[in-house]
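K.L.:
What follows is each chain in one-letter form.
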Amino acid sequence: MNGPLLKVENLTKHYPLGSGIFKKSIPVIRAVEDVSFSVEAGETLCIVGESGCGKSTVARLLMRLVEPTGGRVLIDGTDIASLKKDALHAWRRRMQMVFQDPYSSLNPRLTAGQIITEPVENFERLSRKQRTALAADLLQKVGMSPEMMHRLPSELSGGQRQRLGIARALALQPSLIIADEAVSALDVSVQAQILNLLLDLQQQMGIAFVFISHDLSVVEHIGHRVAVMYLGRIVELAPCEALFAKPVHPYTEALIAAAPVPDPTRARLEVPVEGEVPSPINPPRGCAFHPRCPLAVERCRIEVPPPVPMPDGRVVACHVRAPATENIPTQPAVADDHSPAHVS
Amino acid sequence: MTLLSAPVEYVPTGRLRISDLPRLARRHRLVAIGGGLLALLIVLALAAPLYAGDPLNMDPFKRLQPPSAEMWFGSDNLGRDVFARTVFGTRISLMVGLTSAVGAALGGALIGVLAGYNRTFDNMVMRVMDGLMSIPTILLAIALISLTGPGIGILIVAITIPQLPSVARLVRSAVLSVRERPYVEAALCGGARMPKVLWRHILPSTIPPLMVQSAIICADAILTEAGLSFLGAGVPPEIPSWGNMISSSRLYLAIAPMTVFAPGICLAVMVLAVNLLGDGLRDLFDPRSKRRR
Chain E
1 MNGPLLKVEN LTKHYPLGSG IFKKSIPVIR AVEDVSFSVE AGETLCIVGE
51 SGCGKSTVAR LLMRLVEPTG GRVLIDGTDI ASLKKDALHA WRRRMQMVFQ
101 DPYSSLNPRL TAGQIITEPV ENFERLSRKQ RTALAADLLQ KVGMSPEMMH
151 RLPSELSGGQ RQRLGIARAL ALQPSLIIAD EAVSALDVSV QAQILNLLLD
201 LQQQMGIAFV FISHDLSVVE HIGHRVAVMY LGRIVELAPC EALFAKPVHP
251 YTEALIAAAP VPDPTRARLE VPVEGEVPSP INPPRGCAFH PRCPLAVERC
301 RIEVPPPVPM PDGRVVACHV RAPATENIPT QPAVADDHSP AHVS
Chain L
345 MTLLSAPVEY VPTGRLRISD LPRLARRHRL VAIGGGLLAL LIVLALAAPL
395 YAGDPLNMDP FKRLQPPSAE MWFGSDNLGR DVFARTVFGT RISLMVGLTS
445 AVGAALGGAL IGVLAGYNRT FDNMVMRVMD GLMSIPTILL AIALISLTGP
495 GIGILIVAIT IPQLPSVARL VRSAVLSVRE RPYVEAALCG GARMPKVLWR
545 HILPSTIPPL MVQSAIICAD AILTEAGLSF LGAGVPPEIP SWGNMISSSR
595 LYLAIAPMTV FAPGICLAVM VLAVNLLGDG LRDLFDPRSK RRR
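Those protein sequence lines, which keep their order, are chains E and L. Number 34 in the numbering used here belongs to position 34 of the first sequence; there are no gaps in the numbering. Number 540 in the numbering used here belongs to position 196 of the second sequence; there are no gaps in the numbering.
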């Protein structure tokens, strides 16, 4: 089979606000709305966006830590979003996750060795000797000394802990690692070490990464392709260099312009976007970005822009910059602009 | 009753060594005093036959004797050795206290873990627990004992049951908060199945609050046993227990005060020891208390 390693189709997650036994319809938070992308083997796809745009929810949906409301997550052609718990167990080996917080994602009561060998022990029995050998091997892979296996997380530094988190993700030899803000909690110098470690691992083992971050400099450093999310939707998905060289979607443009540049001589660009991110409980009709967009036209207020493939391989959802060839509205125009989102 | 603010985070900073013990005892005086006193009482109770006389031997010619070299605490209204009875009474109190505490801790923890893990079970069982909390301990004990006849076993059951809700609630809330921790999610991502996650990642962090709660339950159980025995609804009267002794001797308080004071003081000391231990453990495990080891 030669398709992509991971293919996500129309992934959607709505969180109901409260339980609706007595109410006919309850408002929902539209955390992730109609997200589609694919990841090839050995590739790094970065997902960027502001906090609250649904990046982490995508990661949790991919790992099935939360159940999707709709859509499919295909790994080598198998839809793991619809698998039963038991069948899912076997697929856990293919996909692992590195967590954001290296402090709370490690059980404070277990030693480093116990933490990193645990995933393997969920699938096969290990003798004492095998366990020690595995722990030493994994620690070496992430650049730590095997003696560290007897340490507790509280006896390790933040960088060392994040290395442990990576070693734990490597234990099952997955083909895909999802890194949810994996370096945001670390100092810049340690960040660089961890990023280089991830790049080395990718080269050595051909692991694909879905790398979630809000830090554009990190994304520029390690990404092959970048997906920009805004309010639960992907607004632009492009090869990394192309995206940073010439952003197409106005939101991408604003995001790149707003990123700090470590160069005091360079004047800061005027940020072309004002206002706050709208609430995902009651997102604007049409393009979610239209209330803040300098280019917005009438059509943006009515229709959700469909993702349109561009000649240079990127996909952009914008009526102005990437007009669709056919004019089929994806969502019917409704008179009132801000009726709350309801699910029955 | 002191309910702890649910999951206290006690993170061991290293492994415990015997050589650390004197330093730890100085740091945590309450644990040392309470634990030491309780340990002493346990040793005295276990070694009772070695140094105390027969607590059941009656001698009508030596009724209500004052303390003497032969009978250190004198004798009661049936001429029995009050010292021997007090010492053997320790066994009853300890047995009831410890078994009730362990029973309530295990039972409550099981209910709490299942309730924290399964919502349907949670809704059903926690309502039962709420109901159980409204039944007075003494009333339930009297009812159970009048159904089955007096006995230590049924007494322990009667004391344990009303303690289950407090433990179950404590453990449930600990489970609910720990199951949201990233390391639990990480374990699930690593392919761990739920029973293993519960056992390895969730249960250990419920142990500190559980230990504190068990100490409180233990002290409570000892007092309840004494109270029930005093009322005649507890340990059968032929078995020497502190409650029984105080009950049968209270008429002779003016003539032979030791018959009431000996078991009374012992009872106070034991409950104090257990409470000190509980308070000390709470300070030890509480992240907000500054003193750590």
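There could be a bad hint or two in this list.
To be verified - Below, in silico cross-link-like pairs of lysine-lysine (DSBU-like), each with a Cα-Cα straight-line distance of 35 Å or less: (1) E:Lys85 with E:Lys129; (2) E:Lys85 with L:Lys540; (3) E:Lys7 with L:Lys406.
No lab work stands behind these hints, which were simulated from the structure alone. Note that this is a predicted model, so its numbers are computed, not measured.
K.L.:
Of all the hints given earlier, name the ones this structure violates by number, lowest first.
P.N.:
3
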